[in-house]
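K.L.:
Read off the chains here:
Number of protein chains: 2
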Amino acid sequence: MDYYQELLFRMREIEIASQIRSILSWDQEVIMPKNGAESRADHLAWLSKTIHKKVTDPKIGEIISELESDKLDEIQSANLRITKKMYQRATCLPPDFVEKFARLQSQAHHSWAEAREKDDFEIFKQDFQKILQMTRQKTEYLGYEKSPYDALLDQYETGLTVTRLDPLFDGLRNEISPMIKEISSQGKNPNLEWLRDSNWPKRGQEMLSQEVSEAIGFNFESGRRDSSVHPFCGGPNPNDVRWTTRYDESEPFGSLFGSMHETGHGTYEQGRPSELAFQPVGKACGLGIHESQSRLWENQIGRSIEFCEWVFPLWERCFPGNMEGLTPKLLWRAVNIMQPSLIRTESDEATYNLHIMIRYEIEKIMIEDDIEVDQIPDLWDSLYQKYLGITPPNRKLGVLQDIHWCMGAIGYFPTYTLGNLYAAQLLEAAKKEIQDHDEKIRTGNFSPLLNWMRRNIHSKGSILEPAELIEDATGSPPSPDPFVRYLSDKTSDLYGINA
Amino acid sequence: MDYYQELLFRMREIEIASQIRSILSWDQEVIMPKNGAESRADHLAWLSKTIHKKVTDPKIGEIISELESDKLDEIQSANLRITKKMYQRATCLPPDFVEKFARLQSQAHHSWAEAREKDDFEIFKQDFQKILQMTRQKTEYLGYEKSPYDALLDQYETGLTVTRLDPLFDGLRNEISPMIKEISSQGKNPNLEWLRDSNWPKRGQEMLSQEVSEAIGFNFESGRRDSSVHPFCGGPNPNDVRWTTRYDESEPFGSLFGSMHETGHGTYEQGRPSELAFQPVGKACGLGIHESQSRLWENQIGRSIEFCEWVFPLWERCFPGNMEGLTPKLLWRAVNIMQPSLIRTESDEATYNLHIMIRYEIEKIMIEDDIEVDQIPDLWDSLYQKYLGITPPNRKLGVLQDIHWCMGAIGYFPTYTLGNLYAAQLLEAAKKEIQDHDEKIRTGNFSPLLNWMRRNIHSKGSILEPAELIEDATGSPPSPDPFVRYLSDKTSDLYGINA
Chain A
178 MDYYQELLFR
188 MREIEIASQI
198 RSILSWDQEV
208 IMPKNGAESR
218 ADHLAWLSKT
228 IHKKVTDPKI
238 GEIISELESD
248 KLDEIQSANL
258 RITKKMYQRA
268 TCLPPDFVEK
278 FARLQSQAHH
288 SWAEAREKDD
298 FEIFKQDFQK
308 ILQMTRQKTE
318 YLGYEKSPYD
328 ALLDQYETGL
338 TVTRLDPLFD
348 GLRNEISPMI
358 KEISSQGKNP
368 NLEWLRDSNW
378 PKRGQEMLSQ
388 EVSEAIGFNF
398 ESGRRDSSVH
408 PFCGGPNPND
418 VRWTTRYDES
428 EPFGSLFGSM
438 HETGHGTYEQ
448 GRPSELAFQP
458 VGKACGLGIH
468 ESQSRLWENQ
478 IGRSIEFCEW
488 VFPLWERCFP
498 GNMEGLTPKL
508 LWRAVNIMQP
518 SLIRTESDEA
528 TYNLHIMIRY
538 EIEKIMIEDD
548 IEVDQIPDLW
558 DSLYQKYLGI
568 TPPNRKLGVL
578 QDIHWCMGAI
588 GYFPTYTLGN
598 LYAAQLLEAA
608 KKEIQDHDEK
618 IRTGNFSPLL
628 NWMRRNIHSK
638 GSILEPAELI
648 EDATGSPPSP
658 DPFVRYLSDK
668 TSDLYGINA
Chain B
178 MDYYQELLFR
188 MREIEIASQI
198 RSILSWDQEV
208 IMPKNGAESR
218 ADHLAWLSKT
228 IHKKVTDPKI
238 GEIISELESD
248 KLDEIQSANL
258 RITKKMYQRA
268 TCLPPDFVEK
278 FARLQSQAHH
288 SWAEAREKDD
298 FEIFKQDFQK
308 ILQMTRQKTE
318 YLGYEKSPYD
328 ALLDQYETGL
338 TVTRLDPLFD
348 GLRNEISPMI
358 KEISSQGKNP
368 NLEWLRDSNW
378 PKRGQEMLSQ
388 EVSEAIGFNF
398 ESGRRDSSVH
408 PFCGGPNPND
418 VRWTTRYDES
428 EPFGSLFGSM
438 HETGHGTYEQ
448 GRPSELAFQP
458 VGKACGLGIH
468 ESQSRLWENQ
478 IGRSIEFCEW
488 VFPLWERCFP
498 GNMEGLTPKL
508 LWRAVNIMQP
518 SLIRTESDEA
528 TYNLHIMIRY
538 EIEKIMIEDD
548 IEVDQIPDLW
558 DSLYQKYLGI
568 TPPNRKLGVL
578 QDIHWCMGAI
588 GYFPTYTLGN
598 LYAAQLLEAA
608 KKEIQDHDEK
618 IRTGNFSPLL
628 NWMRRNIHSK
638 GSILEPAELI
648 EDATGSPPSP
658 DPFVRYLSDK
668 TSDLYGINA
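Residue numbers (this note's numbering), protein chains in the order written: chain A, 178 to 676; chain B, 178 to 676.
So here's chain A without its partners, still in its complex pose (with noise of 0.2 angstroms):
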């Protein structure tokens, strides 16, 4: 077996055990009784171990010295190159930081749900320091050339760097901001009595999901769909995409936009190369990549006026009396309300990224000045009433409301943001390229748009890095400007408000 061969048959069986446990990982979420719960962390723990043994082996280590000097092709060497950071990542650690990281990770996650719980964030606040003090030590580690915060972005998506971030988020900062306290201060809110006077079975949500994921485009003989607490999109390969979504009959927006989301991933992961399986090249390109393609579905789709032309008579079938007096225009208003507020998880496309964006200003300070972990939480609320105009009345609502930090994901947040900027990108080249784009979704054709992503994004693997495919699919690098255009035209339409 020559070396390269030697790289793919170790990759693969790298793959299979991370597939498997995929598996296990969604069927934990999904449906495990309640006493299994021990015994799978055995499993999952044992996959784990098995991989990290396979991936950390000193002999990929000397593949990839041998390959790196001969002539390989566009894919042979993307495999490469992926599983050099890989095999890098896995062994710049040492193992003893390792395992005190994971220990800390635990024992942080439990006094940050305690703190959120007693809204006291002097719970929280000696783990956290250590959290800061040891994701530092990690960015030595890791290896950066500008800031230690770019050895965390690279971690989520391969290349992203400060130099690459700032410009994205100086883009929103000077015109997201602004539009959102304009329309705070001025804009004039749907009469939503309808949706809050109303019950929305279980039944009906389902067949809504279910109807609108299929018209999509999601294969649901190589899929399924599930409810779980966690709404996820997981599953081991193409073949076998499992995302779920949750129902909660007060209010139906949820379960559907959630549905249009996992949706979004969960065609990323249908389209992925199948004859590159197995491969490294084979997977998705990065979180931002995966984000743009539930947010396309989610946000760009699925509260654009021509889907909810589309959509209307269909949520009158799966909810009969529900929507009378209603009109397709007067669902957009309601899906579509723009307003400051405190918890990300439940903010609309327009503040979301503003979200993004202190958390990301704040991430940078902890990681590249040696900020006090005390200072942070007075640091958070004088940045929402900066760019939101509001401030959290609690640490519960503001410092503590994601579970992000106390889990060491730094440098995670902001690929949620490239996510909605990549998918306006996306959506205005494809337009470009779509005959009668606006018309074809009134008339729920999405099959051109799925097809341009199949084409552009989903078959392309992890071949280009992310900023590279984005290039490559829009004829431009990655910008914020398609998608201050694209919300600035809503506003506009919406709230009569010129941004």
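To be clear, the hints were calculated from the coordinates, so they are not data collected in a lab. Some hints here could point you the wrong way.
The list treats identical chains as interchangeable, and a pair is accepted whether it falls inside one copy or across any two copies.
Claimed, not checked - No more than 30 angstroms apart at the CA atoms, straight line, and that leaves these computed lysine-lysine pairs for DSBU-like: (1) Lys460 x Lys211; (2) Lys358 x Lys277; (3) Lys506 x Lys573; (4) Lys563 x Lys541; (5) Lys226 x Lys617; (6) Lys460 x Lys230; (7) Lys211 x Lys379; (8) Lys226 x Lys460; (9) Lys617 x Lys506; (10) Lys261 x Lys226; (11) Lys563 x Lys261; (12) Lys541 x Lys365; (13) Lys573 x Lys358; (14) Lys230 x Lys261.
What you are looking at is a predicted structure, and each value in this text was computed from that prediction instead of being measured.
Once you've looked at the hints, dock chain B against the given chain A.
P.N.:
Coordinates of chain B only, in the frame set by chain A:
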């Protein structure tokens, strides 16, 4: 780490990987999307390869040798005994032979399916001949003392031999066969119009299934009920046991008795000793004992008059209107129709063991003598005539009906009958200790019986070999007498025939 600790460590890893395999198999049978099949085969193959590598690691052979001279307690000795058997079985077959046999099995599966479909034994003949040749060769690798067939029997029930089985089947041959012939010439079966003329909605069947399983004592916080084409009991361990059934709206008995059967398997799995989790000795004690637990609840309890009295009101609740004019006694008669039939899987509890006895006689000849496969179909038919008084009109209803032989699973059938015999013997012993057993069943109080099984069977894991466990629990070695007594009493009550 001393040798015994290392043995446990290695067996734990093997057990974890096997548990993972069982989750993936369950998923494949029950909920996997259609297109997931191909990659699932890759997942399972990788797990099997990984397990095989660990099981055949020469280091295990060394550890076994070292431990054999050590002073071990009962649990330790049992762990050593089971590991040794597993290691010998896994290492005694040359890898070439294993691979060739696996290929032959897959090929024979196809030719058997086609032969059955076309009712043409000739299509299967050649592969069947090869299966027999390789199976005979396998017995030489496995080793045996008296009969080569012993080597095969031992695979499915440790310690089982022709010497042990012959007297059990003799008992059945001498007692049950005449009984059946008398019933079929003189017995009068009840009118089943009520059953055929009603529709039996799936919802009602599911409710019946669930309530009966809960009443028996299956713990749904440590397990699940689902539906699948081929009902089975699976899941990774005592805390996560998953059984399935199937529903046919024209016939409600299949799902109920199927559910009680799998619930029996399920309670055994849930009752395994948790303090011995991940140790060989903590596993169930072979197929015969397992089948005793399923048959106990399906037949001995499920088809008793007392159970029918308890369950009748539940039938009324599950199928409103359908049970009008019926009584518990009529229900009892309907679930106990006894008559000779051609297909094993559709046969009743009286004739079932004659189907198995016929297969046992043929298998013995197949392995011990040099019979030509050509002769087997007619041998089959003549034995059906001899013991059941009927002759298959074609091969499809005769020798081609079962999947076992094309899979090379020769020696498996007898465990089904062992299950029935053990069930009767265990129930007879339990009834001696449980006060007013019949009355307890009549009032739906199943816990004394389940607890007896927990104490005497489930919690014992594999500390003893199957025949020892039966003797330990009942005071006598395995015997056909309790089953014959049970069936004789029952036919007398049902048909007024004193066999």
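K.L.:
From the Cα coordinates, with 30 angstroms as the cut-off, is the pair Lys563 and Lys541 best called within, between, both, or neither?
P.N.:
within (18 angstroms within a copy, 87 angstroms between copies)
K.L.:
Could you place Lys617 and Lys506 in one of the four classes (within, between, both, neither) given a Cα distance threshold of 30 angstroms?
P.N.:
within (18 angstroms within a copy, 65 angstroms between copies)
K.L.:
If the cutoff is 30 angstroms on CA atoms, where do Lys460 and Lys230 land: within, between, both or neither? Let me know, please.
P.N.:
So Lys460 and Lys230 pass the 30 angstroms test inside a copy (21 angstroms) and across (29 angstroms) alike.
K.L.:
Checking an output row: Lys563 and Lys261, CA cutoff 30 angstroms. Within, between, both or neither?
P.N.:
Classified as neither; 42 angstroms inside a copy, 71 angstroms across copies.
K.L.:
For Lys358 and Lys277, with the copy left unspecified, which applies at a CA distance of at most 30 angstroms: within, between, both, or neither?
P.N.:
For Lys358 and Lys277, the Cα distance exceeds 30 angstroms both inside one copy (45 angstroms) and across copies (74 angstroms).
K.L.:
Which holds for Lys230 with Lys261 at a C-alpha limit of 30 angstroms: within a copy, between copies, both or neither?
P.N.:
Cα proximity of Lys230 and Lys261: in one copy and across copies (15 angstroms, 28 angstroms).
K.L.:
Cα distance capped at 30 angstroms. Does Lys226 pair with Lys617 within a copy, between copies, both, or neither?
P.N.:
neither (49 angstroms within a copy, 50 angstroms between copies)
K.L.:
Pop the pair Lys541 and Lys365 into one bin, within, between, both or neither, using alpha-carbon distances up to 30 angstroms.
P.N.:
neither (36 angstroms within a copy, 87 angstroms between copies)
K.L.:
At most 30 angstroms between C-alpha atoms: does Lys460 with Lys211 qualify within a copy, between copies, both, or neither?
P.N.:
Cα proximity of Lys460 and Lys211: across copies only (21 angstroms, versus 32 angstroms in one copy).
K.L.:
When Cα atoms must be at most 30 angstroms apart, do Lys211 and Lys379 count as within-copy, between-copy, both, or neither?
P.N.:
Result: close both inside a copy and across copies, 23 angstroms intra and 26 angstroms inter.
K.L.:
Go through the copies and call it for Lys226 and Lys460: within, between, both or neither, with a Cα cutoff of 30 angstroms.
P.N.:
Cα proximity of Lys226 and Lys460: in one copy and across copies (21 angstroms, 25 angstroms).
K.L.:
Is it within, between, both or neither when you check Lys573 against Lys358 at 30 angstroms Cα-Cα?
P.N.:
within (24 angstroms within a copy, 78 angstroms between copies)
Violated hints, listed in ascending order, are 2, 3, 5, 11, 12; each of the other numbered hints is respected by the structure.
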